[in-house]
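Please model the complete structure; the sequences and the hints are all you need to start from.
There are 2 protein chains.
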Amino acid sequence: MNFLEEKIQADGVIKPGNILKVDGFLNHQIDIGIMRQIADEIKQRFCGVKVDRILTIEASGIAIATLVGDLYHVPVVFAKKSVTANSTDEKYVAKAYSFTHKSENQVLVSKPYIKAGENVLIVDDFLAEGEAAHALIDIVRQAGGKVAGIAVCIEKGQQNGGKMLREEGYRLESIAIVDSMDWESQTIRFRAKN
Amino acid sequence: MNFLEEKIQADGVIKPGNILKVDGFLNHQIDIGIMRQIADEIKQRFCGVKVDRILTIEASGIAIATLVGDLYHVPVVFAKKSVTANSTDEKYVAKAYSFTHKSENQVLVSKPYIKAGENVLIVDDFLAEGEAAHALIDIVRQAGGKVAGIAVCIEKGQQNGGKMLREEGYRLESIAIVDSMDWESQTIRFRAKN
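Protein chains in written order, with our numbering: chain F, 1326 to 1519; chain A, 1326 to 1519.
I should point out that these hints are in silico values taken from the structure, not numbers from a laboratory. Among these hints, one or two may not hold up.
Pairs count within a copy or across copies, as identical chains cannot be separated in the list.
To be verified - Using 25 Å as the maximum straight-line C-alpha spacing, the simulated DMTMM-like pairs for lysine to aspartate or glutamate come out as follows:
#, residue 1, residue 2
1, LYS1436, GLU1383
2, LYS1375, ASP1414
3, LYS1420, GLU1366
4, LYS1406, GLU1454
5, LYS1427, GLU1383
6, LYS1368, ASP1356
7, LYS1420, GLU1383
8, LYS1346, GLU1383
9, LYS1427, GLU1454
Below, the structure is given as structure tokens:
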């Protein structure tokens, strides 16, 4: 097991309905040491890949995106899920279905903040059905940018997002891939050789 | 002018209605170099103050809170504005009126993520009327913690938040305080000796 798999095993909580609760270190309370290690690992896995910009989505992608951006010394942009009152810039808009909230949401990025020709690394905390990742890919394409790759902290391997993105030819790096979870025994199986 | 005042002067846009648009470097696109400088400055201003935890509020506080937490090597918690489907922990709940959206919102933190006796540094990107800061203070108190201080990137000095917090005895450090803005001439006056 790598450091993140060990952390998930130690501090993650499996809940009924195939839910993995990791808000003690990833997406409510943030364990900066682990997040820094994840950022280092992402940069290492994308060694040799040109990255001009980091793109994530609010809110829980922002912490890891910030630390990755700090390593690359490139701008970080977080896509918004609603129109901000103070912004009158034209927006790139994509749609993402939320399986958690059972509704279709807009994903927005102000046009000045992605430029044509840029190599954009998409970063997020979780990958499940891949709705957010596909919305961000759509926005990069609308802007005339290139998707340098997709990096996520935890991929839920039983859901379709990772499989789809790999089949579509994207370079996807998930620092931990959870292939199955058992609520009763509180055990997690990770994908080997990840 | 300090580095942030210079950045605001160079890249901020004043819009009608006393609105300062800084989403090119602070709260949509993030200029990591400037954010890192802000984090360093915050730590320097709170030199000698014990900090066990950083508390912010989603979404645009997360980037600066992450970088400050990285300097202190302490956990970062971001308060949420809505109940998360996957969390069944009991919550500390406070109320904050949003002047932007003209509605009262809940601010929530899961109880395990602030502990009694901890010294909590509240960090945010903006301070205007102080509604978010007061909600976070309320949550720290509910948890039996102590407010080590409040650090914000930009304080809108014409609004009441900063004045109230200082009168209440909190140590507030705002890296830039905008005392007035003029839309027609696009000029900004910063509070001197900040």
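Hint by hint, here is what the structure shows:
1. Taking CA atoms no more than 25 Å apart as the test, LYS1436 paired with GLU1383 passes in both settings, with 17 Å inside one copy and 23 Å between copies.
2. Neither within a single protomer nor between protomers do LYS1375 and ASP1414 lie at most 25 Å apart by alpha-carbon distance, with minima of 28 Å and 41 Å respectively.
3. Within a single copy, LYS1420 and GLU1366 get their C-alpha atoms no closer than 30 Å, and across copies no closer than 39 Å, so neither meets the 25 Å cut-off.
4. In the homo-oligomer, the alpha carbons of LYS1406 and GLU1454 lie at most 25 Å apart both inside one protomer (17 Å) and across protomers (24 Å), since each shortest distance falls under that limit.
5. Taking CA atoms no more than 25 Å apart as the test, LYS1427 paired with GLU1383 passes in both settings, with 18 Å inside one copy and 21 Å between copies.
6. For a Cα distance limit of 25 Å, the shortest separation of LYS1368 from ASP1356 qualifies both inside one copy, at 19 Å, and across copies, at 19 Å.
7. Within a single copy, LYS1420 and GLU1383 get their C-alpha atoms as close as 14 Å, and across copies as close as 21 Å, so both meet the 25 Å cut-off.
8. Both within a single protomer and between protomers do LYS1346 and GLU1383 lie at most 25 Å apart by alpha-carbon distance, with minima of 18 Å and 19 Å respectively.
9. When the C-alpha separation of LYS1427 and GLU1454 is checked against a cutoff of 25 Å, the pair qualifies only within one copy, where the shortest distance is 13 Å, while the shortest distance between copies is 34 Å.
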